[in-house]
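> Each chain, written out:
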Amino acid sequence: MVDLTELMENEVFMAFASYTTIILSKMMFMSTATAFFRLTRKVFANPEDCASFGKGENAKKYLRTDDRVERVRRAHLNDLENIVPFLGIGLLYSLSGPDLSTALLHFRLFVGARIYHTIAYLTPLPQPNRALAFFIGYGVTFSMAYRLLKSRLYL
Amino acid sequence: MVDLTELMENEVFMAFASYTTIILSKMMFMSTATAFFRLTRKVFANPEDCASFGKGENAKKYLRTDDRVERVRRAHLNDLENIVPFLGIGLLYSLSGPDLSTALLHFRLFVGARIYHTIAYLTPLPQPNRALAFFIGYGVTFSMAYRLLKSRLYL
Amino acid sequence: MVDLTELMENEVFMAFASYTTIILSKMMFMSTATAFFRLTRKVFANPEDCASFGKGENAKKYLRTDDRVERVRRAHLNDLENIVPFLGIGLLYSLSGPDLSTALLHFRLFVGARIYHTIAYLTPLPQPNRALAFFIGYGVTFSMAYRLLKSRLYL
Chain L
1 MVDLTELMEN EVFMAFASYT TIILSKMMFM STATAFFRLT RKVFANPEDC ASFGKGENAK
61 KYLRTDDRVE RVRRAHLNDL ENIVPFLGIG LLYSLSGPDL STALLHFRLF VGARIYHTIA
121 YLTPLPQPNR ALAFFIGYGV TFSMAYRLLK SRLYL
Chain F
1 MVDLTELMEN EVFMAFASYT TIILSKMMFM STATAFFRLT RKVFANPEDC ASFGKGENAK
61 KYLRTDDRVE RVRRAHLNDL ENIVPFLGIG LLYSLSGPDL STALLHFRLF VGARIYHTIA
121 YLTPLPQPNR ALAFFIGYGV TFSMAYRLLK SRLYL
Chain Y
1 MVDLTELMEN EVFMAFASYT TIILSKMMFM STATAFFRLT RKVFANPEDC ASFGKGENAK
61 KYLRTDDRVE RVRRAHLNDL ENIVPFLGIG LLYSLSGPDL STALLHFRLF VGARIYHTIA
121 YLTPLPQPNR ALAFFIGYGV TFSMAYRLLK SRLYL
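Chains as they are written, first to last, in this note's numbering: chain L, 1 to 155; chain F, 1 to 155; chain Y, 1 to 155.
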């Protein structure tokens, strides 16, 4: 068996692994939040999900949408749209040999901005809190993309 | 050119590559399922998609939603929300040097649970089939995240 | 600190990194497009987003959906559904030691097809432009998955 510990002894890569795991775990928490609001507010998307609350027509009334549930779902989708680019670009950026301090700055800003985005979306905080959180994460990802392409472009 | 076969000779990494490829291919199959139901049920989201079924007002009646199509789309989105964390966390976990047997257990449970989730969603099977499938996949990903952070945390 | 430049000196991997960064940046651009149409058409999903356009009932009228915005959102979701498999399968494929010319053909076709898909979706071009773009990208990803599983299957 080949020794891979080499990759995991690289500090930038370990930092990327830690921050990515944290932000992906946060994203997964959104599923639990959706399930929580669906169950406490009895708001379902599938007939089989509300079978235990009643039969036939009585159950159908739970097939509806709810502001709170839709808000969590939008926050979740926004996470997906932004964390997927971070995942891909961040991985490749980590492997391109950046400075440890520069890389840490990128990872910390991104993770902080996305946690702030979730808080701003779910509370909700007045704008431009959420917009600001979004653009910080967005800018960090573009900054990594720019550094990556500048140093390693191969088309 | 550098020899990368080293990474691909690592058994855990090869197993991760195989299971990931299978589950991502399964996820891509959901696009085909959506297209299939859209075409057979004549349910479209874009005016240009139903142009071949009629002109003007006659075509507009196909711009609608359908339970079956929406069900496949929800299953697809749920796949995305759960397979993306598996992809990121699983990759980093595979590189952190886990036991082959532990890693295989994680990968097999996840892939099995997600295939079961799709079957439970599309059939649909009564609850708690789908909820169970969801939580197995969810738990597996968190277990990998926990092991990764425990052994390699770098903030 | 360990030297990772080895991985980034591999030409296939550098090409994968470049094309992935480009296509993920293109996907991120969809967020900007959504924000642009939301602001210029005053179409919002959250009450706090239209607070600056009026108070109370006056603001509520901006909580609506709009064809143009929904079109961009569908294009964005379709990107996510297709770029995530490319990201995972493409990364593993790049590490499996393919021919440089074969790999480049896959990456270029995929990136070209997805850019064409976005143009076809947002213009919109008549079908089968968008369907064709979709299936090229889809086929490229399956081709990489097939090559990967054929050479490295480990279950």
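In short, the hints are calculated from the structure, not lab data.
Hints may contain errors.
As the list claims (entries may be wrong) - Short, incomplete list of chain L residues facing chain F, as computed with Cβ under 10 Å:
| hint | residue |
| --- | --- |
| 1 | T32 |
| 2 | A45 |
| 3 | P98 |
| 4 | T102 |
Stated by the list, open to error - Just so you have them, the derived chain F footprint on chain L, three or more residues with Cβ under 8 Å:
| hint | segment |
| --- | --- |
| 5 | 64–72 |
| 6 | 114–121 |
Glycine residues also receive a C-beta, built at the ideal position from the N, C-alpha and C atoms.
> Report the numbers of all earlier hints that the structure fails to satisfy, in ascending order.
The structure breaks hints 3, 4, 5 and 6; every other hint is satisfied.
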